[in-house]
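Use the sequences and the hints to build the structure in full.
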Amino acid sequence: MVKIIVVTSGKGGVGKTTTSASFAVGLASRGYKTAVIDFDIGLRNLDLIMGCERRVVYDFVNVIRGEATLNQALIRDKHTKELFILPASQTRDKDALTLEGVGTVLDEMSKTFDYIVCDSPAGIERGAQLAMYFADSAIVVTNPEVSSVRDSDRMLGLLSSKTKRAEEGRGHITEHLLLTRYSPKRVANGDMLSLSDVNEILAIPLLGVIPESQAVLRASNSGVPVIVDTESDAGQAYMDAVARFLGEDVPFRFLHEKPNWLKRLFSFKEKEAI
Amino acid sequence: MNIANAITKLTDRFRRTQSAKCAKERLQIIISHERIQRDQPDYLAAMQRDLLDVIAKYVAIDKNDVRVELERQEGCSILELNVILPQALDKALEL
Numbered sequence: 001m002v003k004i005i006v007v008t009s010g011k012g013g014v015g016k017t018t019t020s021a022s023f024a025v026g027l028a029s030r031g032y033k034t035a036v037i038d039f040d041i042g043l044r045n046l047d048l049i050m051g052c053e054r055r056v057v058y059d060f061v062n063v064i065r066g067e068a069t070l071n072q073a074l075i076r077d078k079h080t081k082e083l084f085i086l087p088a089s090q091t092r093d094k095d096a097l098t099l100e101g102v103g104t105v106l107d108e109m110s111k112t113f114d115y116i117v118c119d120s121p122a123g124i125e126r127g128a129q130l131a132m133y134f135a136d137s138a139i140v141v142t143n144p145e146v147s148s149v150r151d152s153d154r155m156l157g158l159l160s161s162k163t164k165r166a167e168e169g170r171g172h173i174t175e176h177l178l179l180t181r182y183s184p185k186r187v188a189n190g191d192m193l194s195l196s197d198v199n200e201i202l203a204i205p206l207l208g209v210i211p212e213s214q215a216v217l218r219a220s221n222s223g224v225p226v227i228v229d230t231e232s233d234a235g236q237a238y239m240d241a242v243a244r245f246l247g248e249d250v251p252f253r254f255l256h257e258k259p260n261w262l263k264r265l266f267s268f269k270e271k272e273a274i
Numbered sequence: 001m002n003i004a005n006a007i008t009k010l011t012d013r014f015r016r017t018q019s020a021k022c023a024k025e026r027l028q029i030i031i032s033h034e035r036i037q038r039d040q041p042d043y044l045a046a047m048q049r050d051l052l053d054v055i056a057k058y059v060a061i062d063k064n065d066v067r068v069e070l071e072r073q074e075g076c077s078i079l080e081l082n083v084i085l086p087q088a089l090d091k092a093l094e095l
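So the protein lines, in turn, are chains V and P. So the first sequence is numbered by the working numbering: it starts at 1 and just counts up by one. So the second sequence is numbered by the working numbering: it starts at 1 and just counts up by one.
None of these hints come from the bench; they were simulated from the model. All values derive from a computational prediction rather than experimental measurement. Some clues are possibly wrong.
What the hints assert, rightly or not - Here are the simulated BS3-like pairs of lysine-lysine, each with C-alpha atoms no more than 30 Å apart in a straight line:
no. : chain 1 : residue 1 : chain 2 : residue 2
1   : P       : LYS21     : V       : LYS11
2   : V       : LYS33     : V       : LYS78
3   : V       : LYS162    : V       : LYS78
4   : V       : LYS258    : P       : LYS21
5   : P       : LYS9      : V       : LYS258
In structure tokens form, the structure reads like this:
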């Protein structure tokens with residue numbers, strides 16, 4: 001049974017595409033046949049993050065319009081088996097995506113894939129609505145920052161009413177919070193919303209916390225999803241999040257600043273005193 | 001002098017209100033407000049327009065002088081309609 005996941009946020013630049021790419025790699029590397037679809041028509045970027053931009057021949061809209069078959073448009077990932085990418089079209093036609101068209105393509109994909117990750121565009125326009133419409137579960141990507149948290153709450157409102165599941169009365173889609181660009185140091189200084197602050201406001205189950213990391217830009221520069229960088233904090237945090245998504249019980253990491261040598265020295269002394 | 005500077009810096013740091021706290025409070029207020037609006041029925045705006053049209057049929061009112069609010073309490077919703085009637089009408093009523 002296929003599971004359709006939408007990665008959404010409302011606000012732009014919070015890490016939807018980074019998350020979609022890493023999640024897709026994470027699921028596929030565990031042996032699930034996975035596809036990741038770019039719904040950002042006109043502003044295709046998932047191909048760059050996945051490092052397959054030079055292999056794009058046909059796109060999502062070509063498939064919807066019957067100009068190419070699904071198999072022609074799907075790009076097989078070079079590094080991860082079982083992983084396929086369906087790039088967005090660069091057309092400026094706003095109405096290129098249709099409800100029937102997206103439904104038909106997803107139906108066809110459902111026959112062969114275990115997971116379909118839908119990378120939503122920012123905003124609440126057609127692309128974003130269609131990315132969430134057929135989803136079974138949603139990953140809401142949020143930065144610990146006021147505008148992102150507010151937009152995420154708006155998206156939660158849409159997720160609870162504007163999806164196929166909601167309309168057919170098949171119950172809620174499962175919502176997961178992914179907090180990205182988290183800086184424990186700034187939280188400790190009182191200048192960044194903490195995990196518990198965001199959790200308290202949005203009140204949906206927490207899937208993971210991705211620390212602010214140099215590795216994310218490095219990964220996008222080289223076109224290799226950050227989860228592949230298993231040495232990096234962000235990569236490990238994404239692996240943990242994928243594991244939790246699959247139902248594993250994984251403790252949260254990277255929530256606190258690494259204590260510097262002076263603090264470590266003092267804590268050692270304290271322990272001795274006790 | 002340097003020591004004095006260091007001390008003021010340190011005290012400034014403690015005195016400065018922590019901005020995350022402020023962010024949290026602002027978010028809690030605006031989001032709870034927006035959640036109430038989110039749950040409002042879609043027909044409210046249309047009903048408001050129709051109500052105004054009916055009133056305007058009988059009284060010359062300025063549409064800016066009308067406020068429609070839906071208040072939700074436990075178990076029931078109260079639709080509040082505030083219309084400021086023009087002065088001419090006030091006088092007519094006094095007579």
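(message) Next pair to validate is LYS258 of chain V with LYS21 of chain P; report whether the Cα-Cα distance is within 30 Å.
(response) holds, 23 Å
(request) Starting from LYS33 of chain V, check that the Cα of LYS78 of chain V is at most 30 Å away, please. (result) The given pair, whose Cα atoms are some 14 Å apart, holds under the 30 Å limit.
(message) LYS21 of chain P and LYS11 of chain V were given as a pair; does the straight-line alpha-carbon distance stay at or below 30 Å?
(response) This hinted pair holds, its Cα atoms lying about 22 Å apart.
(message) Check whether the Cα positions of LYS162 of chain V and LYS78 of chain V lie no farther apart than 30 Å.
(response) Violated, because 36 Å separates the two Cα atoms, which is more than 30 Å.
(request) Could you grab the alpha-carbon distance between LYS9 of chain P and LYS258 of chain V and see if it respects the 30 Å cut-off? (result) The hint holds at about 24 Å.
Hint 3 from the list above is the single one not met by this structure.
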